[in-house]
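Visitor: So the sequences go chain by chain: A and B.
For the first sequence, this note's numbering begins at 3 and goes up steadily by one.
For the second sequence, this note's numbering begins at 4 and goes up steadily by one.
Simulated from the structure, these hints should not be mistaken for laboratory data.
All residues carry an ideal CB built from backbone N, CA and C; glycine is no exception.
Incorrect hints may appear among the rest.
To be verified - With a cut-off of at most 20 Å between alpha-carbon atoms, the simulated SDA-like pairs for lysine to any residue come out as follows:
no., chain 1, residue 1, chain 2, residue 2
1, A, K260, A, V242
2, A, K206, A, I175
3, B, K126, A, R15
4, A, K206, A, L234
5, B, K128, A, H85
6, A, K260, B, K125
7, A, K260, B, Y14
8, A, K260, B, K206
9, B, K126, A, S19
10, A, K260, B, R66
11, B, K126, A, Y21
12, B, K17, A, D262
13, B, K17, A, Y83
14, B, K128, A, T20
15, A, K260, B, E59
16, B, K125, A, Y21
17, B, K126, A, Y83
18, B, K128, A, D262
19, A, K260, B, R68
20, B, K126, A, T20
21, B, K206, B, H8
22, B, K128, A, R84
23, B, K126, A, K206
Unchecked claim - Calculated Cβ distances over 10 Å to all of chain B for the following chain A residues:
no., residue
24, G25
25, P90
26, I95
27, A103
28, V195
29, V253
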Amino acid sequence: MTDALRFEWVRIRTLRSTYWLIGLALALSAAVALIFGLATRSDPLTVVTIGRALTAGGDFGVPFPAIFMAIIGIFATGHEYRHNTIQPTLTAIPQRSSLLAAKVIVVVATAVLVAVVSMLLCWVVFMITRGESVPLGDAPLPEALGGYVVYTVLWAVLGLALAQLFRGVPSAIVVIFVFPFIVETVIVGLSFVPALDWLQPALKFLPFSAGSRLFAFEDFPTGEGQPNFDFLDRWVSGSVFALFVGVILAVGWVLFQKRDA
Amino acid sequence: MITAHGLHKRYGDKIAVDDLTFDVRPGVVTGFLGPNGAGKSTTMRLMLDLDHGGGETRFDGKRFRDIHDPMREIGAVLEARSFHPTRTARNHLRMLAAANRIPSSRVDEVFEIVGLTEVKNKKPKGFSLGMAQRLGLAQALLGDPAVLILDEPANGLDPHGIHWLRDVLKALAAQGRTVFVSSHLLAEMALMADELVVIGRGKMIDNGSVASFVGRFTQATVLVRSPAAESFADALRGEGATVESLPDGALMVSGAGASAIGELAHRAGVVLHELAPQSASLEQAFMSATGASEEFVAQEFAGADDTAPGAERPDTAAPGGAA
Numbered sequence: 003m004t005d006a007l008r009f010e011w012v013r014i015r016t017l018r019s020t021y022w023l024i025g026l027a028l029a030l031s032a033a034v035a036l037i038f039g040l041a042t043r044s045d046p047l048t049v050v051t052i053g054r055a056l057t058a059g060g061d062f063g064v065p066f067p068a069i070f071m072a073i074i075g076i077f078a079t080g081h082e083y084r085h086n087t088i089q090p091t092l093t094a095i096p097q098r099s100s101l102l103a104a105k106v107i108v109v110v111a112t113a114v115l116v117a118v119v120s121m122l123l124c125w126v127v128f129m130i131t132r133g134e135s136v137p138l139g140d141a142p143l144p145e146a147l148g149g150y151v152v153y154t155v156l157w158a159v160l161g162l163a164l165a166q167l168f169r170g171v172p173s174a175i176v177v178i179f180v181f182p183f184i185v186e187t188v189i190v191g192l193s194f195v196p197a198l199d200w201l202q203p204a205l206k207f208l209p210f211s212a213g214s215r216l217f218a219f220e221d222f223p224t225g226e227g228q229p230n231f232d233f234l235d236r237w238v239s240g241s242v243f244a245l246f247v248g249v250i251l252a253v254g255w256v257l258f259q260k261r262d263a
Numbered sequence: 004m005i006t007a008h009g010l011h012k013r014y015g016d017k018i019a020v021d022d023l024t025f026d027v028r029p030g031v032v033t034g035f036l037g038p039n040g041a042g043k044s045t046t047m048r049l050m051l052d053l054d055h056g057g058g059e060t061r062f063d064g065k066r067f068r069d070i071h072d073p074m075r076e077i078g079a080v081l082e083a084r085s086f087h088p089t090r091t092a093r094n095h096l097r098m099l100a101a102a103n104r105i106p107s108s109r110v111d112e113v114f115e116i117v118g119l120t121e122v123k124n125k126k127p128k129g130f131s132l133g134m135a136q137r138l139g140l141a142q143a144l145l146g147d148p149a150v151l152i153l154d155e156p157a158n159g160l161d162p163h164g165i166h167w168l169r170d171v172l173k174a175l176a177a178q179g180r181t182v183f184v185s186s187h188l189l190a191e192m193a194l195m196a197d198e199l200v201v202i203g204r205g206k207m208i209d210n211g212s213v214a215s216f217v218g219r220f221t222q223a224t225v226l227v228r229s230p231a232a233e234s235f236a237d238a239l240r241g242e243g244a245t246v247e248s249l250p251d252g253a254l255m256v257s258g259a260g261a262s263a264i265g266e267l268a269h270r271a272g273v274v275l276h277e278l279a280p281q282s283a284s285l286e287q288a289f290m291s292a293t294g295a296s297e298e299f300v301a302q303e304f305a306g307a308d309d310t311a312p313g314a315e316r317p318d319t320a321a322p323g324g325a326a
């Protein structure tokens, strides 16, 4: 296992894309925090504003670190097939479970690091734009920011799992972006059609939408005139997303053991 | 020492490797010979646990998956271009070395051995096939292994490179290593190998020395020219030899040596103009051994004598290996 970790550690460090993907995630996050900070300079400081700044507008779509760490995850397994390196890799490390576990560990560590650093960066940028210190202790910020790290990690593991399942880069990229941005968006849209409003209670089980509740700064609006989304609590929602990622990883893992390399 | 026992692999209805059993001894270069698509690559993948199938391969008694730090015992290269195009050659080998606790000083050593020192810090995407093959050999030698398994290592090498590869493999075998090299090219094998494992359509055709393979699949013949060819042919047949009359009047005699034919001619008072033993080649043996087992036989070209080469190697595009 330590051999496989050593291998993965050299692998991820000797890939140029690792550096520019991390660089893009941090630079884009900081840029959004800067724009957002300047635009809301004179607004009162609320937990929503602080959260939005630290996650670089993450709740508008999918946060940058999640996207770029997913690609790092896709490359961790997908490159082995795209460039035929799976043969030298497996003749160096024939224990396939050790290899895959090492990949997961290194990708998770990278995702945690990048999520935390991006929030620190955004925090500093946000404080500079406001010219005042910004406290992070008010509920639900500690939980939401922790959830942001978990969310980024889950995207990264999902990328790794999909590329292992499909044994390639392009199909994994297509699935990981088509599913949340198109499939889930269309389902949510359909649920607003009156005849299809029975879809609404099911929306809380859409994995990517549920996952984004991990770093929610406010409760989902409910009441008169609001759709009945009935989202689950932060960590239960997160578990829906985690379960989705876990199932794909498990299938990819079993097939990796069973299939020819 | 490699012992492969009952190796078997099927893709759907198609049997790719059919119950292969063979040993590969240390100290000599063993050639793994077969036409395109005979199952050579699949066999090597089965040996290295890359593919799942029947049978078992043991390396000095151990199965591949049970060997700790396998690159220190077995160096294997199955495809020439198995590296990330923008990771430098040196980083590629450093990464594999890290997986088997091989010091990075060894990485620089193997670049010296294969003559790639000048380009070791370059991205291998610009490497020619010959350079990629050298990088592959460097990768195989990384752990200073006692066993080498190389799939078509001479592919893409220029004549100088092939000569060099032959010397390297022979030297490695002379150090007591086990060297198992596949090829579909006979000229290469004739120069490189001492022992042969010959397969066709996944089945074993021959396993033994190059000389015994040639002896088994060809007959020693003697070319005889004589003004009295016809009567002499009868005399030869009377001695139990097989005689074939060629269109130009010469005789092709098998079943009797040149000296016996010469003595017979002397006793019979027949004048001979030519008495030439024909040395059978590995190529002739290979053609007669695998003639029926070509996987993809191209239609014979009108007017061409040689068998057309087979189609693109199908065994590199592994079924199920979706991108």
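Visitor: Could you run down the list of hints and mark each one as holding or not?
Guide: Against the structure, the hints:
no.: 1; hint: A:K260 - A:V242; result: 27 Å, violated
no.: 2; hint: A:K206 - A:I175; result: 24 Å, violated
no.: 3; hint: B:K126 - A:R15; result: 15 Å, holds
no.: 4; hint: A:K206 - A:L234; result: 7 Å, holds
no.: 5; hint: B:K128 - A:H85; result: 11 Å, holds
no.: 6; hint: A:K260 - B:K125; result: 36 Å, violated
no.: 7; hint: A:K260 - B:Y14; result: 14 Å, holds
no.: 8; hint: A:K260 - B:K206; result: 25 Å, violated
no.: 9; hint: B:K126 - A:S19; result: 14 Å, holds
no.: 10; hint: A:K260 - B:R66; result: 18 Å, holds
no.: 11; hint: B:K126 - A:Y21; result: 17 Å, holds
no.: 12; hint: B:K17 - A:D262; result: 16 Å, holds
no.: 13; hint: B:K17 - A:Y83; result: 24 Å, violated
no.: 14; hint: B:K128 - A:T20; result: 18 Å, holds
no.: 15; hint: A:K260 - B:E59; result: 17 Å, holds
no.: 16; hint: B:K125 - A:Y21; result: 19 Å, holds
no.: 17; hint: B:K126 - A:Y83; result: 19 Å, holds
no.: 18; hint: B:K128 - A:D262; result: 26 Å, violated
no.: 19; hint: A:K260 - B:R68; result: 14 Å, holds
no.: 20; hint: B:K126 - A:T20; result: 16 Å, holds
no.: 21; hint: B:K206 - B:H8; result: 13 Å, holds
no.: 22; hint: B:K128 - A:R84; result: 13 Å, holds
no.: 23; hint: B:K126 - A:K206; result: 47 Å, violated
no.: 24; hint: G25; result: 16 Å, holds
no.: 25; hint: P90; result: 5 Å, violated
no.: 26; hint: I95; result: 5 Å, violated
no.: 27; hint: A103; result: 14 Å, holds
no.: 28; hint: V195; result: 37 Å, holds
no.: 29; hint: V253; result: 15 Å, holds
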